[in-house]
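Here the structure of chain L is known, so what remains is to put chain G in place on it, guided by the hints.
The chain contents come next:
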Amino acid sequence: MGAISELFKKNIRQYGMIIALIFISIFFQILTDGILLKPLNVTNLILQNSYILVLAIGMVLVIITGHIDLSVGSVAAFIGALSAIMMVDMELNPVLAVVLSLLMGALVGAWQGFWVAYVKIPAFIVTLAGMLLFRGLTMIVLNGQSIAPFPKSFQKISSGFIPDVTGGGSLNVLTLIIGVILSVLVIYQEFRNRRISVKYGFEQSPVWMSVAKAAALVIVINLFTYVLAQYNGIPNILVILMVLIVIYSFVMNHMTMGRHIYALGGNEKAASLSGVKTKRVTFWVFVNMGVLAALSGLVFAARLNSATPKAGTNFELDAIAACFIGGASASGGIGTVVGAIIGGLVMGVMNNGMSLVGLGVDWQQGIKGLVLLLAVGFDIYNKSKTA
Amino acid sequence: MRHLSETILEMKGITKTFPGVKALANVNLQVKAGEIHALCGENGAGKSTLMKVLSGVYPHGTYEGDIYYQGQVCQFKDIKDSEGLGIVIIHQELALIPYLSISENIFLGNEQARRGVINWNETTVKTKELLATVGLKESPFTGVSTIGVGKQQLVEIAKALSKEVKLLILDEPTAALNEDDSENLLMLILELKKQGISSIIISHKLNEIEKIADSVTILRDGQTIKTLDMKQDEVTEDVIIKGMVGRDLTNRYPERTPELGETIFEIRNWDVYHPTQADRKMLDQINLHIRRGEVVGIAGLMGAGRTELAMSVFGKSYGKRISGQTLMHGKEVRLNNISQAIESGLAYVTEDRKHYGLILIDDIKRNISLSSLKKLSRRGVINENEEVLVAEEYRKKLNIKTPSILQKTVNLSGGNQQKVVLSKWIYAQPDILILDEPTRGIDVGAKYEIYSIINSLAAEGKGVLVISSELPEILGMCDRIYTMCEGRISGEVERKNASQELLMKLMTRSRG
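So the sequence lines, in the order shown, correspond to chains L and G.
Sequential numbering of the first sequence, starting at 488, is according to the working numbering.
Sequential numbering of the second sequence, starting at 572, is according to the working numbering.
You may find that some hints are simply not true.
To be verified - Straight-line distance between alpha carbons at most 27 Å, and here's what the computed BS3-like set of lysine-lysine pairs gives:
(1) Lys756/L to Lys766/L
(2) Lys891/G to Lys764/L
(3) Lys764/L to Lys902/G
(4) Lys887/G to Lys764/L
(5) Lys945/G to Lys764/L
(6) Lys686/L to Lys946/G
(7) Lys764/G to Lys737/G
(8) Lys648/G to Lys756/L
(9) Lys813/G to Lys756/L
(10) Lys979/G to Lys756/L
(11) Lys813/G to Lys776/G
(12) Lys607/L to Lys887/G
(13) Lys593/G to Lys870/L
(14) Lys764/L to Lys946/G
(15) Lys887/G to Lys756/L
(16) Lys764/L to Lys979/G
(17) Lys607/L to Lys891/G
(18) Lys925/G to Lys766/L
(19) Lys870/L to Lys891/G
(20) Lys946/G to Lys756/L
(21) Lys972/G to Lys766/L
(22) Lys686/L to Lys945/G
(23) Lys945/G to Lys979/G
(24) Lys968/G to Lys686/L
(25) Lys870/L to Lys925/G
(26) Lys979/G to Lys870/L
(27) Lys870/L to Lys648/G
(28) Lys766/L to Lys887/G
(29) Lys686/L to Lys967/G
Simulated from the structure, these hints should not be mistaken for lab results.
Only chain L is shown next, with the shape it has when bound in the complex:
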């Protein structure tokens, strides 16, 4: 048991948030008489929160470098508007339009990254300016009107599901198969890690712990895919999200680039004197944020099936809140992609649950604010206790 409590103590923030997420889910599951975790609602939850989660992934990188990006909501709206002009007005091929939109996002990110990294204007100011600038541009290019509808194939980003191989039946079989494949991968990965640590002569954690960990993951994955399979299967956007989470987690945890981002946020001067190209890293983190903001804008436009001047309002606040609830530090250097996703889900489940219960938007806002404050307060209290 000592090993577990040790493990738990070390990762209290990460596990703490997962446990909080589970409790919140159970709480609303009971309160809504089991509606919350119905297949239809779980699918809805994913679709409703996907664009915030995409933003949160980019935002957590920005926050780790010690900056902030207030412009992402406006940028999402701007790119959504541009994509509508390209697809609806100019009738461009949707694939081409999506690629061009993402490129535009990169340009927007480069614009802001330039001011932050090379001119050294605080990101708060640069992106506050960006928030106004791109909201204004959105209204200009849209002439204050909404543009709709998008081509069917484009809408599929947000409303489509992966196909069912068997065609028909009450369960989406491909979804179940994917669950099994993921399970095999999880088990393989766990035992590969054990083999490697034998090779390097590292201390081994006991076998039962590896088995328990793999078993827990396998159960969660298959329960999840089973629930989704009961409705329409895995939404397309979930596939995109999972791919992003895996890629970004890998980059942040296992690649030089990620290490440089953490080092830069932890101590910019020391990182620079250790050979990290701090300006370049900061610049690219903002370019990345621009691309993900563009993606988020596309997902939102596809879901709404229209581009509106008001799209993306307050997205930046939700994304930032997700990062901080997920354990990122406002002074930089600390945070994880998975944490930001969990933070986003905590907010998402609460939104959804409170709506199902019938709480008004007024109450929802207030309660979310308190949750953010308490989560970060808990974090800081924990840190001061261990220090």
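Chain G only, in chain L's frame:
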């Protein structure tokens, strides 16, 4: 003479425990009225903890033991309590607000005010008096950020005086000062003694203690080893060191027989201008070279341009309009940015390891690998297992005292932090290591280890450039010494010809 024998402060049987560590175990300290009492000990011996107990940072009840001050038992709840009785502590890291003026800083928290309205005239008059006492000629309205560290230290003392201090505690007051400013400060402490102010001074610089202290208490591992009277007992640096480390350090600098090879690094006609003041030349026609296996020293007073030289060479990380040549193994190399400098075989260990050397919130392992991630990765993916092995290797090799390489560097002592920084740069496998104040704020035992590391690097055929403000260190370690003054090389001396007096003369040799 009667008042000298009177005891102003007695701390009896002080025991302070932190979770898992006993920082102080039954410590006794007795300070006589009107004396200068030095407190010595290695880093982690418990000096600062003891002073925090005394000043109320650790309030009564969080420690065991008794404090008697002027014959009274004291139970301080916070710093205000102890300051009210005239006990003022000046910390190593100065607690001044950079953007406020001298007078605003001196009376911060103690404003000359009536019902919250500040009387600026009175503030200014009082500030002038205080500044005169500490021998500072600045105007009370000068911003604190515009004066040097030495003067800031004096402002701190003026601030202490404004609180009618009776017992002044100085934690490493000269650590960041050059020789002149240190001398000044020591004289001031002696002057205050004449006015009846007692002092407790924590210092690693034993020559300063010899110079001004009346008695010295030595702590080791949270225990009082002994208290010596500087006049009655035969106190020498060696006696103090022996008490601090608990063993004889027959030689403070490890033996080394230099084996010098060919010149591997050379700087020619190096000119550097100030980064923001376009016309201000910071370095003027610097020429120097380092041979294989050689330890070269750079001595100079603060402001002579030593750190500026090191940083401008290391990937132009300081200065503008840099001109001149750098040659590695006889061939000219361009060192336009830091990664180029690292790839060309340079390493630079900064003088300020907390702000410029370490990522404090990261663990030992990640700090060691940071400069050499390329070596540890393939196509940008880091081999983390290899990384653990490397970190373990250096933990053993450099004797970094830590339960694990996953320990965050913020939790390490100064000496161990410095070993982590050195590990980082040794693992980068440079040909030339520039070490800027490598032993600043490090205790005697760890210093010896750092010196041994420097020697082994030289023995491996690397060139080492040591910048240090401590002349004995330069004399003890270096084969050849450059002196700098006002941005120029003002002299070059072989070890066998060098003495403190000669170096000091060269370091102060101004142009013209």
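With a cut-off of 27 Å on the C-alpha distance, tell me whether Lys887/G and Lys756/L pass. 14 Å, holds
Is the Cα-Cα distance between Lys686/L and Lys945/G 27 Å or less? 23 Å, holds
When you check the alpha-carbon spacing of Lys756/L and Lys766/L, does it fall within 27 Å? 11 Å, holds
Taken at face value, is the distance from the CA of Lys764/L to the CA of Lys891/G at most 27 Å? Distance ~19 Å between Lys891/G and Lys764/L Cα, so the pair holds.
Given the hint that Lys870/L pairs with Lys648/G, test it: the Cα-Cα distance must not exceed 27 Å. 24 Å, holds
Agreement of Lys764/L and Lys902/G with the hint, judged by alpha carbon distance not exceeding 27 Å: 26 Å, holds
Verify the proposed pairing of Lys813/G with Lys756/L, using a straight-line Cα cut of 27 Å. 38 Å, violated
Given the hint that Lys946/G pairs with Lys756/L, does the C-alpha gap stay at or below 27 Å? 22 Å, holds
Agreement of Lys764/L and Lys946/G with the hint, judged by alpha carbon distance not exceeding 27 Å: This hinted pair holds, its Cα atoms lying about 17 Å apart.
For a C-alpha distance cap of 27 Å, please report whether Lys764/G and Lys737/G respect it. 10 Å, holds
Hinted pair, alpha-carbon criterion (27 Å max): Lys887/G, Lys764/L. Please report holds or violated. Holds, because 13 Å separates the two Cα atoms, which is no more than 27 Å.
For Lys968/G and Lys686/L, compute the direct alpha-carbon distance and say whether it is at most 27 Å. 23 Å, holds
Checked against the numbered hints above, the structure violates hints 8, 9, 19 and 21; every other hint is satisfied.
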